[in-house]
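There are 2 protein chains.
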Amino acid sequence: MKVTIIGGAGGMGRWFAVFFKQNSVEVRIVDKSPRTKEIADEMGVQSLKVDILKAMRGEVEIKEDIVDTDVLLVSVPINITGRVIECVGPEMHDGSLLMDITSVKKAPIETMGRFTNEDVEILGTHPLFGPTTKSMRGQTIIFVPLRKGHLYEKIDAMFKKNGAKIEILTAEEHDEIMSVIQGLTHFILLSFGITLKNLDFDVENARKFMSPMYEIIMDFVGRLLHQDPHLYAMIQTNFEMGKIHETFLAVANRLYELVSAGKVDEFIEEMREAKDHYGDTERAVIDSDRVIEEKINQNLFLERKEKEK
Amino acid sequence: MKVTIIGGAGGMGRWFAVFFKQNSVEVRIVDKSPRTKEIADEMGVQSLKVDILKAMRGEVEIKEDIVDTDVLLVSVPINITGRVIECVGPEMHDGSLLMDITSVKKAPIETMGRFTNEDVEILGTHPLFGPTTKSMRGQTIIFVPLRKGHLYEKIDAMFKKNGAKIEILTAEEHDEIMSVIQGLTHFILLSFGITLKNLDFDVENARKFMSPMYEIIMDFVGRLLHQDPHLYAMIQTNFEMGKIHETFLAVANRLYELVSAGKVDEFIEEMREAKDHYGDTERAVIDSDRVIEEKINQNLFLERKEKEK
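Sequences listed follow chains A and B, in order. First residue of the first sequence: 2, per the numbering used here; consecutive thereafter. First residue of the second sequence: 2, per the numbering used here; consecutive thereafter.
No lab work stands behind these hints: they were computed from the structure. Glycine included, each C-beta is placed from N, C-alpha and C at the ideal position. Possibly wrong hints are sitting among the right ones.
[As the list claims (entries may be wrong)] DSS-like, lysine-lysine: derived pairs with alpha carbons at most 30 Å apart:
hint: 1; chain 1: B; residue 1: Lys244; chain 2: A; residue 2: Lys244
hint: 2; chain 1: B; residue 1: Lys149; chain 2: A; residue 2: Lys209
hint: 3; chain 1: B; residue 1: Lys209; chain 2: A; residue 2: Lys276
[Claimed, not checked] Sample of chain B residues with no beta-carbon within 10 Å of chain A, all distances over it, derived:
hint: 4; residue: Gln23
hint: 5; residue: Val26
hint: 6; residue: Gly59
hint: 7; residue: Thr112
hint: 8; residue: Arg138
hint: 9; residue: Phe160
hint: 10; residue: Thr171
hint: 11; residue: Arg224
hint: 12; residue: Glu283
Same shape as in the complex, but just chain A (with noise of 0.2 Å):
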């Protein structure tokens, strides 16, 4: 099997080059840097040499060679994953399989769909991980498949092999649950850093004063701000969070005029309502006490070590 991905010298478009080359799979990489060379000698995999800005804005041809592949991976920023998909679609060979790692689904997969003939098998995908994770290992995969053939089942099999959960959705199911679970949790998290800045909140030094619940927490908002900011900003406006954010907006500043207002009994009211919707809460601490149990392990580990030294 032979794939190529166009944004193969970002940071997933590198992930799944050097995961592809590890299952034994001929990989070819296209990008607009001008390392692309180099990254993919550095992974042991091929190059190819497209100007794909130039080849979007229609100033040169897709080459032949791009689409010389069996799967298509359209690894690029969530802003010109469309246009992308509107250079490169037309020109794919029936029987491959163009696919897609864009956290929204609806667009992309409508994008896709409108521009490939009916020959072309058509795989959308939300990996939930960042480029930093090692393996396929445990992780969560989403699948939106549009068109299914030979492909779709070496890409299945290929990724269960290695351990990812497979699970699929529509595109609309898909952006529905993850505006939640991926834009909700993003805003919050990135409210709370950006709080901490206009606090002036020395993070380094409360860091001794949190027990282990709020140190993860405080490392998620570290990791979310690490990362690449422009990502962040496309999932929140590329997702429809405008009823989202209201809400939780109207429930913030209602919690904060209960809590200003001494108002107890209806803060707690509020509370008990959430529980009763949440559901299985008893569950939620055992899983979370196990994961405190962990990090007070590797806290303690990390003490030992530092000592040692």
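Starting from the known structure of chain A, arrange chain B on it as the hints suggest.
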């Protein structure tokens, strides 16, 4: 050593009763609960028949045996901690130690200082863990010592022997740091939980689409909702949360406006500035990667166990 715990039938009271008993201390509990004796018997500790509520209302006098103790630990809800201290403080014997475990420190420290004579040792503490925690090992306990003597040294040594990390702060430092670490984190997670309800979001169904980081955060939300809502209301209303809430709300409102207006550059700039302020985001990535990796291992382990059934 003899330790008497007021509120010894409650969650944290029982936790410390068991802890002290395991450390060969003679433990006695006092509680308004009608099940106090039963609970004491279960734990293998003594119970005292003192109607603490009546005593607080001045209807009965604090009996001699409640203060016939080395250490008097006040482990009652935060909103009555002050009144309990006012009631028992003046009766305490010279050379004994009065301590509390309230999440706020300014008010109880001030009250303990005012309502005891100067030969009574005073130790404000804030254990950064809840009653579901298995042991003191690796847990942080903040100490706000006001009057230290030999009992302080004993408690300090015992907690450290059990693996606790003791951090010393003034009451003012404690409340300032904790209003962000605990107060703001709770505020954000509870707002998240109530938002899930208001959006009628199906948490259980969405779990399989959560990568480990989102699962951990969702478990933390459930964890908070599962616990005593009164405690969380008390933490919000007893810290000085006004400025912190207002700063957070202003940030979340600004992000909402930036996203809805598609102002990607400003959004990115906010993230960049927050990253610079935060400090070592790379370490946050490394540390959170470890937690995430462990969550994956736990999930795989639980799945295997599930299959074996």
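Least C-beta distance from B:Gln23 to chain A larger than 10 Å: 18 Å, holds
Check your understanding: Hey, does B:Phe160 actually stay past 10 Å from chain A on C-beta?
Key -> 15 Å, holds
_A cut-off of 10 Å on Cβ-Cβ distance, and B:Glu283 was said to be off the interface with chain A. Does that hold?_
6 Å, violated
* Given the hint that B:Lys209 pairs with A:Lys276, does the C-alpha gap stay at or below 30 Å? -> Given that 30 Å is the threshold and the Cα spacing comes to 20 Å, the pair holds.
Reported absence of B:Gly59 from the contact zone with chain A (all CB gaps over 10 Å)
25 Å, holds
Just checking, B:Thr171 versus chain A, shortest CB gap more than 10 Å?
At about 13 Å from chain A, B:Thr171 clears the 10 Å cut-off, so the statement holds.
Confirm or reject the statement that B:Thr112 sits farther than 10 Å, beta carbon to beta carbon, from all of chain A. 19 Å, holds
*Please work out if B:Lys244 and A:Lys244 have their alpha carbons no farther apart than 30 Å.*
At roughly 26 Å apart (the allowed maximum being 30 Å), A:Lys244 and B:Lys244 satisfy the hint.
| message | Tell me if the straight-line CA distance from B:Lys149 to A:Lys209 falls inside 30 Å. | response | Distance of about 23 Å is within 30 Å: holds.
According to the definition I'm using, a residue is off the interface if its beta carbon is farther than 10 Å from all beta carbons of the partner; does B:Arg224 meet that for chain A? 5 Å, violated
request  = Verify that the Cβ of B:Arg138 lies farther than 10 Å from every Cβ atom of chain A, and report whether the claim holds or is violated.
outcome  = 7 Å, violated
Discussion item. Does B:Val26 clear chain A by more than 10 Å, comparing its Cβ with all Cβ atoms of that chain?
Written reply: 24 Å, holds
The structure fails to meet hints 8, 11 and 12 from the earlier list, while all remaining hints are met.
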